[in-house]
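There are 2 protein chains.
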Amino acid sequence: MKKIKPRTLSGFMELSPSKQVIFDAMVQNLRETFALYSFTPLDTPLMEAAEILLAKGGGETEKQVYTLNKGDTDLALRYELTTSLAKYVALYYNDLTFPFRRYEIGKVYRGERSQRGRFREFYQADIDIIGDGSLDILNEAEIPAVIYHSFMSLGLKDFIIRINNRKVLSGIFEILRIKSSIADVLRIVDKLGKIGVKKLTALLTNDLKLQKEQAGELVSFLTFSEEPFDVLNKYKGQNELFDEGTRELQAVQNHLTALGIPSTHYKIDLSIARGLDYYTGTVYETYLVDHPEVGAICSGGRYDNLADFFTDRKMPGVGISIGLTRLFYILQEQDLLSNSYLVSPADVLLIPMTDDLSHAVKLAALMREMKLRVQIYSESKKFKVKVSYADKHNIPFVVFLGEDEIKSNNITVKNMVTGEQTTASAAMLTAGIVDKITALRKNMSLIK
Amino acid sequence: MKKIKPRTLSGFMELSPSKQVIFDAMVQNLRETFALYSFTPLDTPLMEAAEILLAKGGGETEKQVYTLNKGDTDLALRYELTTSLAKYVALYYNDLTFPFRRYEIGKVYRGERSQRGRFREFYQADIDIIGDGSLDILNEAEIPAVIYHSFMSLGLKDFIIRINNRKVLSGIFEILRIKSSIADVLRIVDKLGKIGVKKLTALLTNDLKLQKEQAGELVSFLTFSEEPFDVLNKYKGQNELFDEGTRELQAVQNHLTALGIPSTHYKIDLSIARGLDYYTGTVYETYLVDHPEVGAICSGGRYDNLADFFTDRKMPGVGISIGLTRLFYILQEQDLLSNSYLVSPADVLLIPMTDDLSHAVKLAALMREMKLRVQIYSESKKFKVKVSYADKHNIPFVVFLGEDEIKSNNITVKNMVTGEQTTASAAMLTAGIVDKITALRKNMSLIK
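Going line by line, the protein sequences match chains E and V. First residue of the first sequence: 0, per numbering that gives the first Met the number 0; consecutive thereafter. First residue of the second sequence: 0, per numbering that gives the first Met the number 0; consecutive thereafter.
Bound conformation, chain E alone:
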């Protein structure tokens, strides 16, 4: 038979079993954290009518959308999760109760030019809170709390959530009488972290024709973020929008304090803008402190109209998106993923030493009832191969069951970490394995 060379498409992450276990554990931790904040799971289709997915239209992203050939409907694969949410909320409006808090962790597709660290199929983990007509500011404060607990649940510790408010930015533009399109200015301001103050000022005066004084004062406003409320109060009373944004930032900070989020992990940063015009209130960007070069690992903000392509109803919301595949890739590249016991497919490899397997099979059933993950090794291989199977898979315990053991109702357990080998009563040693596995599970971390 002619063979086909097996391959996986470039830009598609396909993990080894031990890495997949960590990825899945991360997803599970996120799900549990999102649930504590009362987000309900959704799982929308990956495929939609093209006109639905492209409703927002335009831009680079549209060129990256995968379209499909089947039947007479133009189909497309989703390239982010927000449009699916907008469709869902508009479609099922009458069945939902607002505020509607949902999370979705799912794959999205972008036919980008293939390059290292960029993915064509990747997971996004999104949370959003959608209001019907209005939405209280507390929701904008809860989002960074979820971000904080989410990353902590993944085992990350050195990250910082930068928080700003688009009303403050719009307000300062009005105060400084900057007439350029806010979108244009924000797009340049967004580069501050990358290009620094000087180049930013030059871009603003050259490209956007800001007066030198305007540009200077704007940049000084944006970068003076050690005591943000000092600089904010300086401009107080000059512009309604600005004052509203300032009050919102203050409320967010107060709520975060009450929520117990340590101030080491977030920062009001007046230079954070987010590129999209879409955002209208609080905005967020989260960075790894030791790896700012990888950019924001989670971002989002408050918007006024989730679903205006689909409905006249005003549906404000606030949400964030974690690029989970990219985050995982970074952690892997930085060699930060745990290689501890937890990646093994089994807690116990059970090696029968007799032809009659019935005792081994019964023991496995018993151990599984005690929630141990057990594999019986029944292939006819050399003893050495069997033990090395446990080794290769990082299985922490090997249990031998020979005639002597069966006669005396004993088992022999080899602790693969310490090398220690013990023969004693099956009940006692099994209970001991359960204890040790429970302790291992409690202390295991996904991140080194």
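No lab work stands behind these hints, which were simulated from the structure alone. None of the hints are false.
One copy or any two copies: either way a pair holds, since identical chains are not told apart in the list.
Derived pair list, reagent style SDA-like, types lysine to any residue, alpha-carbon separation capped at 20 Å:
no.: 1; residue 1: K370; residue 2: Q27
no.: 2; residue 1: K18; residue 2: G105
no.: 3; residue 1: K193; residue 2: D183
no.: 4; residue 1: K55; residue 2: I3
no.: 5; residue 1: K190; residue 2: T200
no.: 6; residue 1: K380; residue 2: R312
no.: 7; residue 1: K193; residue 2: N205
Once you've looked at the hints, dock chain V against the given chain E.
Leaving out everything else, chain V in the frame of chain E:
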């Protein structure tokens, strides 16, 4: 702005939040059950080069494959999970250790003609054990044990796993000197449950030109399944393949007994064949006892060559697939899904009765630390709307926090199930909620 009518493609299941919670819980239960049997998770791409996915080629299924437009590679969406596994095992052969036991729960795509209860996007939950060159019969016995525990974990009780062995079938054909293609005969035999003995015999004599005696004896063999080993022993010693199949069936039955799987839930049924030529040993089909009309809800079997499109290595395996979306659809249609508390997005709806939210926010943080799922209702709505929000979402506890409560360090808790309302110390009542939620979670069932 011109509005686009929101819609979801037909054949794509999109669940309400309360149903999604149950679906996700089912997936989680399956993952935990598969893990107890030491299956490791995989998550392969949904998209592959078309030549990879269509390597097996031919048949109705190929027509249903979704192909894609991007770039110069012909792409396709997977229509089942086995080809992805075959590719994975062939591609990463050197990094894997065999037997390789993996599960994958993921979406697959088939552009079928749209009809009620048929899906174009659906979840399959697959487990497979892949050997390198050989694979012990114990693996074929463990599969029905996993099926049993999987369905029990979903809350299903009335199901039966039918087990047969293709060697027995091939053997009896040889013994009865039936020359027709085994595939043709098996395809007809597969219809036994649907068309009955008479029509089956007629089909065998008319369509396949079997002699009347051959057809009669074959049908009698296949349907005499009350004491399968009685009929199997009758033919013993006449055909090597038949005898091997009989020994394997006996081994599977013995192992299942040792594994503690109750004989009420499985049955050696000599008429089970599975349509595919692919299977070479034990085969399985699982039915809902009260709903045989929906067909098999899980099926699979032993095969000799997983990856022969990709490699010369002999890689025998055994596996099953659960059509999870279809199963969920059936349970929903039969009104078997639980509507208990567990579908709610929160354990506690916290309603602040003061303008200053800081006490409520602190209380929420405290409750979340105790692993309660808490939502603070901070929208300015009428009191009635707030309580009805809890009602609509099935949230079991509402906590009110007014000035009186704050002063006395109390909270007021309304149990939404009993209607009972209590005011007492925050610490005491919170502990009480934790206890009640823990009890509810322990006793909750996904199925009515």
